[in-house]
Structures are given as C-alpha cells and as structure tokens.
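**Student:** Sequence:
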Amino acid sequence: MDAMTLLHERSSMGKLMAPAPDAEQLEAIYRAALRAPDHKELRPWRFIEFSGEGRERLGELFAEAEYREDPQVGDTALNAARKKPLRAPMVIAVVAKVAPEVPKVPKMEQVISAGCAAHAILLAAHAQGLGAMWRSGKYAFDPVVRKGLGLDDDDELIAFIYLGTLGGRHKPIPEHEIGGFVERWR
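Quick note on the numbering used here: the sequence shown kicks off at -4 and runs consecutively.
I should point out that these hints are in silico values taken from the structure, not numbers from a laboratory. For every residue, glycine included, the Cβ atom is placed at its ideal position computed from N, Cα and C. Careful, some of the hints might be misleading.
Here are the simulated DSSO-like cross-link-like pairs (lysine-lysine), alpha carbons at most 30 Å apart as the crow flies [claimed, not checked]:
id : residue 1 : residue 2
1  : 79        : 142
2  : 142       : 102
3  : 92        : 79
4  : 133       : 102
5  : 78        : 166
6  : 133       : 166
7  : 10        : 133
8  : 92        : 35
9  : 78        : 10
10 : 10        : 79
11 : 35        : 99
12 : 10        : 166
13 : 79        : 133
14 : 166       : 79
What follows is a list of derived Cβ distance ranges for each label pair [what the hints assert, rightly or not]:
id : residue 1 : residue 2 : range
15 : 170       : -4        : 13 to 23 Å
16 : 99        : 168       : 37 to 47 Å
17 : 51        : 25        : 21 to 31 Å
18 : 138       : 44        : 20 to 30 Å
19 : 25        : 142       : 17 to 27 Å
Kindly produce the complete structure, drawing on both the sequences and the hints.
**Tutor:** Listed below in structure tokens is the structure:
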C-alpha cells in the first residue's frame, strides 16, 4: 500500500477479532511509533501492551475505577467495565512520559508527540491489513487506572489502541470537504 492511500483510507475498526498482531507485525508497529516527531529526542512515550490475561487485568482495573467512583455501582456496570478490554485480542496503552523540566519543550508538545506515536500505531496496523481503534474515554483520566498503570503525576494516558484482525462490515469512509477546515491568509 502506498503512503498516500494509507493516509487517505485509514479508518477505525470497531469489530476486531483474534488473532492479535504477531511479533513481526508488532515490531513494525512499534518502529512506526518511534518515528513520531520528537523535539530534542526526548522520546516522551511509553507503550503498555495487554494481551491474554493482561486484558482481563486491565478490565479489573476498569471495574475498580467504576467502584471507586460509585461504591453503589451494580454488577452489570462492573461486568461491562471488565469486558471493555476484551473487545480486541490486544490493547496498547499509549502514555506521554512527560519530562516537565526540559527547556523549550513544553508538556503540551510532548503530549502531542505521544499522540503522533499513537497515530503511527494506527497507520502501521492498517498498512499491514490489521484493524485498530483509538479509544480513550473516562478510564484514560481516572486516578485508579493511572495509578494501576504506574503513571507519574506529569504523565498523560493518550489512548488505548485496540488491535486485531478485521471483523464484521467495514463502514464507508466519509468524504470531507477540505475547504471547511482550511483558512488561507494571503
């Protein structure tokens, strides 16, 4: 697949099945992520990979977050939280590992760099015929989840990238009118 086709046709895939990416595919995915823009070569990112029982442990962390938010939460909501990481055979958490003391590289720039690494994961997955979905939601900001994943105070959880083999129907890719997003100064 050529680069422009990849950039124009990548889309999120909500239905993902086994198998998860294999070791060779994962190496290509991580190599792509490590090419993200990186001012002063800080490499302000960290990737936490969940597969097999790791996804179940992540689900337990999500359930714990639900319980801490509302100790009266019912079993239905707790079980739904536990099942979220099971929507794909692999989940990669992308963390902005922020170094706040670095001159001329503000936190926001480091967070955006980690976001670019997450986007590269999506592109590399698509280029290899895999499906991927960027999810964040409340768990990305929850203190229980942050602590459970070992994040420092300055770190930001950018995304949970769900990866797997494509399943189900593929939605048509919407066309966007470029003029609605571009402002030209002359």
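**Student:** Run every hint past the structure and note whether it holds.
**Tutor:** Checked hints:
no., hint, verdict
1, 79 x 142, "holds, 19 Å"
2, 142 x 102, "holds, 20 Å"
3, 92 x 79, "holds, 24 Å"
4, 133 x 102, "holds, 21 Å"
5, 78 x 166, "holds, 24 Å"
6, 133 x 166, "holds, 26 Å"
7, 10 x 133, "holds, 21 Å"
8, 92 x 35, "holds, 14 Å"
9, 78 x 10, "holds, 14 Å"
10, 10 x 79, "holds, 12 Å"
11, 35 x 99, "holds, 9 Å"
12, 10 x 166, "holds, 11 Å"
13, 79 x 133, "holds, 12 Å"
14, 166 x 79, "holds, 21 Å"
15, 170 x -4: 13 to 23 Å, "holds, 19 Å"
16, 99 x 168: 37 to 47 Å, "holds, 38 Å"
17, 51 x 25: 21 to 31 Å, "holds, 23 Å"
18, 138 x 44: 20 to 30 Å, "holds, 22 Å"
19, 25 x 142: 17 to 27 Å, "holds, 25 Å"
In terms of the numbered hints stated before, the structure departs from none.
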